[in-house]
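Q: Could you put the whole structure together from the sequences, leaning on the hints where they help?
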Amino acid sequence: MSARERGWSTVAEPVERPTNEPLNRWDEWKDRLSPVPGDRSNDRRFVAGAAVLGLVVAAGAALAAGPWDSGQRKAEHDRVVAAEHSGGAHHPGNPPGAPRPAPSAAAVLAALGETSGRTDPAAAGALDTVLTPLLKAPGLGTVSAAAVVDTATGEQVYAHGATTPMTPASTVKIATSVAALSALGPDHRIPTTVRVSKDSGTVTLVGGGDPTLDRSALRALATDTARALRDGGTEKVRLTYDTSRYSGPALHPISPNENIAPVSALMVDEGRLDGSDHGPAPRTADPARDAARAFAELLGDAGVPTRSDPASGRAGSGARTVATHLSKPLSALVERALTNSDNDIAEALVRQTALKAGEPASFAGGRRAVTNRLKGLGVPVTGADLVDGSGLNRKDKVTAGLLTSLLALAADPDHPELRPVLTGLPVAGFSGTLGDRYSAESGATGLVRAKTGTLTGVNALAGTAVDPRGRLLAFAFLTSGTTSPGEAEESLDALATALTRGAR
Numbered sequence: 001m002s003a004r005e006r007g008w009s010t011v012a013e014p015v016e017r018p019t020n021e022p023l024n025r026w027d028e029w030k031d032r033l034s035p036v037p038g039d040r041s042n043d044r045r046f047v048a049g050a051a052v053l054g055l056v057v058a059a060g061a062a063l064a065a066g067p068w069d070s071g072q073r074k075a076e077h078d079r080v081v082a083a084e085h086s087g088g089a090h091h092p093g094n095p096p097g098a099p100r101p102a103p104s105a106a107a108v109l110a111a112l113g114e115t116s117g118r119t120d121p122a123a124a125g126a127l128d129t130v131l132t133p134l135l136k137a138p139g140l141g142t143v144s145a146a147a148v149v150d151t152a153t154g155e156q157v158y159a160h161g162a163t164t165p166m167t168p169a170s171t172v173k174i175a176t177s178v179a180a181l182s183a184l185g186p187d188h189r190i191p192t193t194v195r196v197s198k199d200s201g202t203v204t205l206v207g208g209g210d211p212t213l214d215r216s217a218l219r220a221l222a223t224d225t226a227r228a229l230r231d232g233g234t235e236k237v238r239l240t241y242d243t244s245r246y247s248g249p250a251l252h253p254i255s256p257n258e259n260i261a262p263v264s265a266l267m268v269d270e271g272r273l274d275g276s277d278h279g280p281a282p283r284t285a286d287p288a289r290d291a292a293r294a295f296a297e298l299l300g301d302a303g304v305p306t307r308s309d310p311a312s313g314r315a316g317s318g319a320r321t322v323a324t325h326l327s328k329p330l331s332a333l334v335e336r337a338l339t340n341s342d343n344d345i346a347e348a349l350v351r352q353t354a355l356k357a358g359e360p361a362s363f364a365g366g367r368r369a370v371t372n373r374l375k376g377l378g379v380p381v382t383g384a385d386l387v388d389g390s391g392l393n394r395k396d397k398v399t400a401g402l403l404t405s406l407l408a409l410a411a412d413p414d415h416p417e418l419r420p421v422l423t424g425l426p427v428a429g430f431s432g433t434l435g436d437r438y439s440a441e442s443g444a445t446g447l448v449r450a451k452t453g454t455l456t457g458v459n460a461l462a463g464t465a466v467d468p469r470g471r472l473l474a475f476a477f478l479t480s481g482t483t484s485p486g487e488a489e490e491s492l493d494a495l496a497t498a499l500t501r502g503a504r
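Numbering (this note's numbering), first residue to last: 1 to 504.
Hints are computed from structural coordinates only; laboratory data are not their basis.
Being a predicted model, the structure only gives us computed values, none of them experimental.
Be aware that a few hints might be false.
[Said to hold, decoys possible] Lysine to any residue pairs mimicking SDA-like chemistry, simulated, CA-CA at most 25 Å apart:
1. K375 / G154
2. K136 / G383
3. K397 / V143
4. K397 / S362
5. K356 / D187
6. K397 / T142
7. K198 / V322
8. K198 / A228
A: Written as structure tokens, this is what we have:
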């Protein structure tokens, strides 16, 4: 059974690795976007189209370069960190013949905001003419809702059941990400620490809630711990592990399931047992114990063996911290959660938000913390019920109006801390859960960035699209009662594509 077929039956959202195939579509897109000589009415459209096309080419080249690391390409991340530059077309060190760097997302959004006035009522009416018939497609099931917002003005330019609570599936990760970034900031990192007792006889591995902790990070922690113990003359220790940062049930209501591990403050590689880094996978039943056993092995390799099998427990009074590992910044975790529809990271983001709010790091505490955080941002939460962070729970409810409000907020220049919500969205035809959707013929490849949502009988798509006038539109299309995932996805993609084409 294929990954997609498994995903439909077990509520997964399969993800393929990025492809460089879209790079071969340059000639077709170039001809399509070229202005007609002497037609000054097309100048603005050409400029906006050229800017977006530049983004597409640069993104395609970077995707081909790979590899990926926490939602970012590693080579790109390392280069940016070393140069301390951000965005723009002024990155140093471009090799001869390489594509010119595209403007950053912030620059594009600023330009759109400057050139877009208030929404043209005639254009809004044209959207009604284009979108309403598409919402009647049989593939979209029995109930559908939609909203479209001009991000430059904040005006809703299309609505169909926009205030109707719907099951969002994984599009709820947009709400999860906005809440976490708003509460903690994009630079927040999740710590995993090692503490040693006063007499140096007990070592405690303390989980902070980082689901992306991997074996190399554990090895670094073990090396630092062994060095500290050897300096004190300790040769053998008792090992405990602390997961007390989280509370409440560890199992998601759909668990056990290959789409999510038991939610724990301590885990390695999201509890995956097959070496994968995204998509459905067999999971351990006890992520914390497995992480502690792996740490014990690495501690032994570093020269400090443990006396017995690790046991659950907290560090005693007077214990000192001897080693710390920090996760990637929250911005990178959000991007990875959105691009790959990562359920484990999403649930971790909710619990980090809860801890910041002084709530228990549990499903219930996260529900209260995220809801209150969104209320504080002034977005319409009426009808919303955010019972988890991943969207795997069918009891989740959001409105199309809420999702578009969150996306518009992320595009607001006054909220740069939320920008990873936009940069993390899968790119049509390029990356994440949209990597194998759209084609050059659709005209929307590279112009649509959106979070997908899939549960049995539920399909959704929410994100951004650039229209022919150069406007950045936020959209949300939610459906239920669907019977064919393939037909539902095609119909949703047609709706998003229509935004990039405008009225014809």
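Q: Each hint: holds or not?
A: Taking the hints in turn, this is what the structure says about them:
no., hint, result
1, K375 / G154, "17 Å, holds"
2, K136 / G383, "24 Å, holds"
3, K397 / V143, "14 Å, holds"
4, K397 / S362, "19 Å, holds"
5, K356 / D187, "14 Å, holds"
6, K397 / T142, "17 Å, holds"
7, K198 / V322, "12 Å, holds"
8, K198 / A228, "13 Å, holds"
Comparing the model with each earlier hint shows no violations; every hint is respected.
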